[in-house]
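Enquirer: Chains as they are written, first to last, in my numbering: chain G, 12 to 126; chain X, 2 to 116.
If you are wondering where the hints come from, they were derived from the structure by calculation, not from laboratory data. Just so you know, these numbers come straight off a predicted model, no measurement behind them. Ideal placement from N, C-alpha and C gives every residue a C-beta, glycine not left out. Possibly wrong hints are sitting among the right ones.
Claimed, not checked - Dumping the calculated DMTMM-like pairs for lysine to aspartate or glutamate here, alpha-carbon to alpha-carbon at most 20 Å: (1) Lys53(G) - Asp95(G); (2) Lys113(G) - Glu104(X); (3) Lys113(G) - Glu98(X); (4) Lys26(G) - Glu67(G); (5) Lys68(G) - Asp42(G); (6) Lys79(X) - Asp64(X); (7) Lys12(X) - Asp87(X); (8) Lys63(X) - Glu86(X); (9) Lys69(G) - Glu104(X); (10) Lys53(G) - Glu104(X); (11) Lys45(X) - Asp42(G); (12) Lys45(X) - Asp95(G); (13) Lys113(G) - Asp58(X); (14) Lys113(G) - Glu69(X); (15) Lys79(X) - Glu69(X); (16) Lys113(G) - Asp57(X); (17) Lys68(G) - Glu104(X).
To be verified - Label pairs and their computed distance ranges (CB to CB): (18) Lys16(X) - Lys68(G): 43 to 49 Å; (19) Arg17(X) - Gly71(G): 45 to 51 Å; (20) Thr103(X) - His87(G): 22 to 28 Å; (21) Ser66(G) - Lys16(X): 45 to 51 Å; (22) Thr114(X) - Lys79(G): 22 to 28 Å; (23) Gln25(G) - Gln81(X): 44 to 50 Å; (24) Pro9(X) - Thr39(G): 38 to 44 Å.
These are the residues of each chain, in order.
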Amino acid sequence: QQQVKQSPQSLIVQKGGISIINCAYENTAFDYFPWYQQFPGKGPALLIAIRPDVSEKKEGRFTISFNKSAKQFSLHIMDSQPGDSATYFCAARGSSSSNTGKLIFGQGTTLQVKP
Amino acid sequence: EAGVAQSPRYKIIEKRQSVAFWCNPISGHATLYWYQQILGQGPKLLIQFQNNGVVDDSQLPKDRFSAERLKGVDSTLKIQPAKLEDSAVYLCASSLEEGGLTEAFFGQGTRLTVV
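Looking at chain G on its own, in the form it has when it is part of the complex (with noise of 0.2 Å):
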């Protein structure tokens, strides 16, 4: 089954606190691990992403903590800000010929970081 489990649906955050969002997964062919943000009335933007041979990755406030033996893997937003609010997926993309290039996304987070 080629699910991607995430969790919370929403979260509220004051402003310079950590929001944390989590994902897992189930196929163990899924080789890389975007992080995507959406704005209202917007595409889906590439946030951050991982492959599975790492267990974390930071670029900026934004993190990404894996764990392979798990299936499990998150966000964290460090000092989070008002305009981090938006809405996170995760999603994962498999490495098999029949399933080149698809991602997979998770239900989404609405992230409210409140001032």
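For this one, chain G is given, so just place chain X on it according to the hints.
Expert: Chain X alone, transformed into the frame defined by chain G:
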């Protein structure tokens, strides 16, 4: 670099009518995707093209949906006849390499309302 262009931005039709969406991917991008995003859910892949050939259309409701990519560039997605449950945002995305093994860039989407 120009992004992925989609038109129209919004469309309201009555059920059983037909509708078509257009996508112009980023120049030189070999892979083109159509996703359906129902309100509150993550994008779901409908069809993936590599140049002008179909790579994956396993989740395309072929009794009512059709898509083509002329000359490996622009693409159109058609729904005929539309149902109420087709109300969603239809996102087009493209990626540079064959097989979609690079970042996918999304357009702003077409919001379809079927009444």
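Enquirer: Mind checking the alpha carbons of Lys113(G) and Glu98(X) for me, to see if they're no more than 20 Å apart?
Expert: 13 Å, holds
Enquirer: If you draw a straight line from the CA of Lys79(X) to the CA of Asp64(X), is it 20 Å or shorter?
Expert: Holds, at roughly 11 Å.
Enquirer: For the pair we were handed, Lys26(G) and Glu67(G), check the Cα-Cα distance against 20 Å.
Expert: 24 Å, violated
Enquirer: Per the hint of 44 to 50 Å, is the separation of the Cβ atoms of Gln25(G) and Gln81(X) within bounds?
Expert: Cβ of Gln25(G) to Cβ of Gln81(X): about 49 Å, so the range 44 to 50 Å holds.
Enquirer: Given the hint that Lys53(G) pairs with Glu104(X), test it: the Cα-Cα distance must not exceed 20 Å.
Expert: 17 Å, holds
Enquirer: Within a Cα-Cα threshold of 20 Å, do Lys113(G) and Asp57(X) meet the stated pairing?
Expert: 8 Å, holds
Enquirer: Is Lys12(X) close enough to Asp87(X), meaning Cα to Cα at most 20 Å?
Expert: Roughly 12 Å between the alpha carbons, so the hint for Lys12(X) and Asp87(X) holds.
Enquirer: For the pair supplied as a hint, Lys63(X) and Glu86(X), is the alpha-carbon distance within the 20 Å limit?
Expert: Cα-Cα ~15 Å, so holds.
Enquirer: Range hint 22 to 28 Å: satisfied by the CB atoms of Thr114(X) and Lys79(G)?
Expert: Violated, at about 42 Å.
Enquirer: For Thr103(X) and His87(G), compare the CB-CB distance with the range 22 to 28 Å and indicate the outcome.
Expert: 25 Å, holds
Enquirer: For the pair supplied as a hint, Lys79(X) and Glu69(X), confirm whether the alpha-carbon distance does not exceed 20 Å.
Expert: 9 Å, holds
Enquirer: Sort out whether Asp42(G) lies within 20 Å of Lys45(X), counting only the CA atoms.
Expert: 19 Å, holds
Checked against the numbered hints above, the structure breaks hints 4, 12 and 22 and satisfies the rest.
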